[in-house]
Amino acid sequence: MSNNMNHLDELENKSVYIIREAYNQFKKIAVLWSIGKDSTTLIQLCRKSFFGHIPFPVIHIDTGAKFEEMYEFRDKYAKEWKLNLIIAMNKEAMARGVKCGEGDGFTCCNELKTNALKQCMAKHDFKALILGIRRDEHGIRAKERVFSPRDQKFNWDYKNQPPELWNQYRSISDDQTHVRIHPLLHWTEVDVWKYIKRENLPINKLYFAKNGLRYRSLGCKPNTKPIKSDADTVDKIIEEIKKSKSSERAGRSQDKEAAYVMQRLRKLGYM
Amino acid sequence: MRNQKESKFKIVFVGHVDHGKSTLIGRLLCDTKSITEEKISEVKTICKQQGKQFEYAYLMDHMIEERDQNITIDTAQIFFKTDAREYVIIDAPGHVEFTKNMITGASQAEAAILIVDANEGIQEQTKRHAKFLSLLGLEQVIVVINKMDKVKYKEENYIKVKKELLEFLKKIKITPTFIIPISAFKGDNIAKKSDNMDWYEDKTVLEALETFKETKNLSNKPFRMPIQDLYKFDEIRIIAGQIASGTIKKGDEVTFLPKGNKSSIKTIEKMNQQLESASAGENIGITLIDPIFVDRGDIATQSDNKPKSTDEVVGNLFWMSKEPLSIKENLTLQCATQEIGVFAESITNRINSSSLKIIEDKSNELKEMEIATVKLKADNPVIIEDFNNIPELGRFILIRNGAVVAGGIITLN
Amino acid sequence: MFIIGLDGATWDIIKPNIDKLPTFKKILSQHDNYTISLQQKPWSASVWCSMFSGKLPEEHNHLDFVKDGEVQTRNDVKVDFIWDILSRNNISVKALNIPFIVPPYNYNIYFNPPGYGVPLTQEELNTEITEITNKIVSVTGDSKPELFIAVYTALDKMSHLHWGGESLIDYYIKIDKAVNKIFELDEKVLILSDHGFTDYDKAPVQTLPKITSTGNELKGDHHPDAIAIAKNIPFKVNQPIDVFNGLISYFNVK
Numbered sequence: 001m002s003n004n005m006n007h008l009d010e011l012e013n014k015s016v017y018i019i020r021e022a023y024n025q026f027k028k029i030a031v032l033w034s035i036g037k038d039s040t041t042l043i044q045l046c047r048k049s050f051f052g053h054i055p056f057p058v059i060h061i062d063t064g065a066k067f068e069e070m071y072e073f074r075d076k077y078a079k080e081w082k083l084n085l086i087i088a089m090n091k092e093a094m095a096r097g098v099k100c101g102e103g104d105g106f107t108c109c110n111e112l113k114t115n116a117l118k119q120c121m122a123k124h125d126f127k128a129l130i131l132g133i134r135r136d137e138h139g140i141r142a143k144e145r146v147f148s149p150r151d152q153k154f155n156w157d158y159k160n161q162p163p164e165l166w167n168q169y170r171s172i173s174d175d176q177t178h179v180r181i182h183p184l185l186h187w188t189e190v191d192v193w194k195y196i197k198r199e200n201l202p203i204n205k206l207y208f209a210k211n212g213l214r215y216r217s218l219g220c221k222p223n224t225k226p227i228k229s230d231a232d233t234v235d236k237i238i239e240e241i242k243k244s245k246s247s248e249r250a251g252r253s254q255d256k257e258a259a260y261v262m263q264r265l266r267k268l269g270y271m
Numbered sequence: 001m002r003n004q005k006e007s008k009f010k011i012v013f014v015g016h017v018d019h020g021k022s023t024l025i026g027r028l029l030c031d032t033k034s035i036t037e038e039k040i041s042e043v044k045t046i047c048k049q050q051g052k053q054f055e056y057a058y059l060m061d062h063m064i065e066e067r068d069q070n071i072t073i074d075t076a077q078i079f080f081k082t083d084a085r086e087y088v089i090i091d092a093p094g095h096v097e098f099t100k101n102m103i104t105g106a107s108q109a110e111a112a113i114l115i116v117d118a119n120e121g122i123q124e125q126t127k128r129h130a131k132f133l134s135l136l137g138l139e140q141v142i143v144v145i146n147k148m149d150k151v152k153y154k155e156e157n158y159i160k161v162k163k164e165l166l167e168f169l170k171k172i173k174i175t176p177t178f179i180i181p182i183s184a185f186k187g188d189n190i191a192k193k194s195d196n197m198d199w200y201e202d203k204t205v206l207e208a209l210e211t212f213k214e215t216k217n218l219s220n221k222p223f224r225m226p227i228q229d230l231y232k233f234d235e236i237r238i239i240a241g242q243i244a245s246g247t248i249k250k251g252d253e254v255t256f257l258p259k260g261n262k263s264s265i266k267t268i269e270k271m272n273q274q275l276e277s278a279s280a281g282e283n284i285g286i287t288l289i290d291p292i293f294v295d296r297g298d299i300a301t302q303s304d305n306k307p308k309s310t311d312e313v314v315g316n317l318f319w320m321s322k323e324p325l326s327i328k329e330n331l332t333l334q335c336a337t338q339e340i341g342v343f344a345e346s347i348t349n350r351i352n353s354s355s356l357k358i359i360e361d362k363s364n365e366l367k368e369m370e371i372a373t374v375k376l377k378a379d380n381p382v383i384i385e386d387f388n389n390i391p392e393l394g395r396f397i398l399i400r401n402g403a404v405v406a407g408g409i410i411t412l413n
Numbered sequence: 001m002f003i004i005g006l007d008g009a010t011w012d013i014i015k016p017n018i019d020k021l022p023t024f025k026k027i028l029s030q031h032d033n034y035t036i037s038l039q040q041k042p043w044s045a046s047v048w049c050s051m052f053s054g055k056l057p058e059e060h061n062h063l064d065f066v067k068d069g070e071v072q073t074r075n076d077v078k079v080d081f082i083w084d085i086l087s088r089n090n091i092s093v094k095a096l097n098i099p100f101i102v103p104p105y106n107y108n109i110y111f112n113p114p115g116y117g118v119p120l121t122q123e124e125l126n127t128e129i130t131e132i133t134n135k136i137v138s139v140t141g142d143s144k145p146e147l148f149i150a151v152y153t154a155l156d157k158m159s160h161l162h163w164g165g166e167s168l169i170d171y172y173i174k175i176d177k178a179v180n181k182i183f184e185l186d187e188k189v190l191i192l193s194d195h196g197f198t199d200y201d202k203a204p205v206q207t208l209p210k211i212t213s214t215g216n217e218l219k220g221d222h223h224p225d226a227i228a229i230a231k232n233i234p235f236k237v238n239q240p241i242d243v244f245n246g247l248i249s250y251f252n253v254k
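Residue numbers (this note's numbering), protein chains in the order written: chain A, 1 to 271; chain B, 1 to 413; chain C, 1 to 254.
Keep in mind that the hints were calculated from the coordinates and are not lab data. Be aware that a few hints might be false.
[Unchecked claim] Computed list of lysine-lysine pairs in BS3-like fashion (alpha-carbon distance at most 25 Å, straight line):
(1) B/Lys232 with A/Lys79
(2) A/Lys79 with A/Lys99
(3) B/Lys193 with B/Lys81
(4) C/Lys188 with B/Lys357
(5) B/Lys266 with A/Lys48
(6) C/Lys26 with C/Lys231
(7) B/Lys270 with A/Lys197
(8) B/Lys322 with C/Lys135
Next up, chain A with everything else stripped away, as it sits in the complex (with noise of 0.2 Å):
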């Protein structure tokens, strides 16, 4: 590496090496966009990748349940980014009735969501999707790959993966599946923030504090709660994700572990 490139330009020309080598071996490729943070940080990483040109379709999965400001920040940007968007909506459920954040909860994903990609990528004969996931989103996701195989039903054999070394990246594509490929994997959620700012990339203003709220992510308005906050810059809120991760990490201290101990004897019924 040279020595005077910092962090993020580390971070930056791996994800760049991921997409070129992706669109490299599929050319029937997308990638998609949530409008998020994360997916426009994806976007503009897309951008840098192909010199200002995207040359694949950006899918948007429309659920019907979004936020207004949502809708205008997307049809603003694919216009000045020239992208070549594809609105995926599961019309057919919508009209059966099937709303966001009704019913179980489960549902509606699964049809707006899931099924709404699985038809788009159907009709278009997506062999490979780009998605902006990072490892430390959740506990599971520290187990993806870069480049990571789904079944035809999207399934996803995590104990199996294929062992996957420094940038060589490969997919073991046949007709009935298709590839998933995160060029974000390695980024935690302060990084993409300090690159936002570096960028100076547009970002939907619920991002950031209004009347002592703002949203930490943004999903189906149905399904996403503000947090309290009054955070109202890229900074502040850099500095506030610092400080929550801080005081999370909790160590296992020797009482705690006498008393998980005391419990599961208990439970077996030896006290």
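On the provided structure of chain A, position chains B and C as indicated by the hints.
This is chains B and C only, laid out in the frame that chain A set:
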């Protein structure tokens, strides 16, 4: 705000397990205050609960176990720091992922500390581990002769072991930079100069570590850029790739191997900007003065300092498939963006990756979790470099039926 | 020498299901195997303690994991174990996951058992097998000691909870696979259990209440017939303390 990414200097500790590796590491962690009081007392409490006396060695064991419980992918999280820099300890062989990561370069050490017991001298395991270092082409090696307290700090013992060592290491082409008499248990010559060995006047372990250079300033090496793809946007043909080493400037002449055709750089492109120069690690696009034909897999190189182009690749492989490797079997080698058909002509120095025991000197096959030196014959010329010099062109994977079956590194002598 | 403990293993499961257990099938045909009929109460804590200290319950006084509401630790057990004695005589020894206390005891080895040594969920019960096996393999690779003792404890919990069910047989199959990985790691191997198992209602003693405080119903409880499989072991184990005595005489220490 810090701009430079702090790269941690990676060290591996090898040698016979009873010669004090864990104690030495525990000692280093404590003496450099790289482990919190809280952690130390946590380990002391566990020892008490188990009715054991606290030992420095347990600190290291504790940290390895903790790390193993985590989901994170990073293999090396145990570190210590001095005023000069931060070090990362890559734990010693015996741990399942260790050898694989060392051989595939996932966490390759930049220096090694080889431990030998002053009383026992070189053991079988000492030799095996040393051989492993030489397989990786590791040049920066410190030897520590430990447990000097048990031999009453006598110089004769040190001299005897030192002599035996140098003889052996010479045979496997390792020249240690330092040979230091220490006692990890008592703390002699680790962070502090020993009061018990006036006859030794050279550096302590920490001082010795500080002399080691970071090997990876790639910008100063000769220019190499594997071509990743070719784009044509706005009627301009752009050659895209990530610079593996070196620096280029507008106007420089580059040669594309293996074909050998050359041209000069017209522009260096990034989104919405053109650069005067670019260095190792950067993903760029270049346009050339002449309309020559180049392809993905070609390597753009400095015209006056070209890498080796060969149809014979000798690499140290880590085999990862349940189906073993056999001689003459057709495989695909991927090195940077090069993708070339190969087959194995010979398999030597076959080793079990967890015990590092030699299975066979010459073999016809290689099984899962084993390492060997394999000579590959290629259908077409491959452009390679020594892994310790230019890593991107010194490491490769092997593919069989679309699946990755091995990782390997190249050490050119 | 390598001693493998399988807490609660019994011929009553192994022999009728021998065709599902290829490793056991093979080693039983090649090596000496017999039943240890306990003359002391078949309580795990007390038996493992006897086995490795050479003392009967009346002497070592360590009857259970919990005494007067306190979880017992190593320091509460006032005996010298075989590993203490061998170490004093400069013989290398490691002991992994010995369940005379909870969490189980380790000597000269670092191991964090799943579930703090009291695995309860199916995942924890299964994970114990893999983690112990991996630990055994990694220890014997690099730094094999002259005596290595390792105990798989989760089998006991499985037997309490699932005696009479298919899932227990499946668990034995997993154990069988694990034994396959480790049986060849030494020339002298002794596999044994601290007691057997039987239906809760038929068991001669009740070590635990039938319905636990959280509503789990126990299906099995301890039986005094334990198993032994001996590969090149120069002593016979009639009672648990014979293990200790046999080791003392084999290693020729006092």
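Tested hints:
| no. | hint | verdict |
| --- | --- | --- |
| 1 | B/Lys232 with A/Lys79 | holds, 22 Å |
| 2 | A/Lys79 with A/Lys99 | violated, 28 Å |
| 3 | B/Lys193 with B/Lys81 | holds, 18 Å |
| 4 | C/Lys188 with B/Lys357 | holds, 21 Å |
| 5 | B/Lys266 with A/Lys48 | holds, 20 Å |
| 6 | C/Lys26 with C/Lys231 | holds, 12 Å |
| 7 | B/Lys270 with A/Lys197 | holds, 19 Å |
| 8 | B/Lys322 with C/Lys135 | holds, 22 Å |
Hint check: a violation occurs at hint 2 only; the rest are consistent with the structure.
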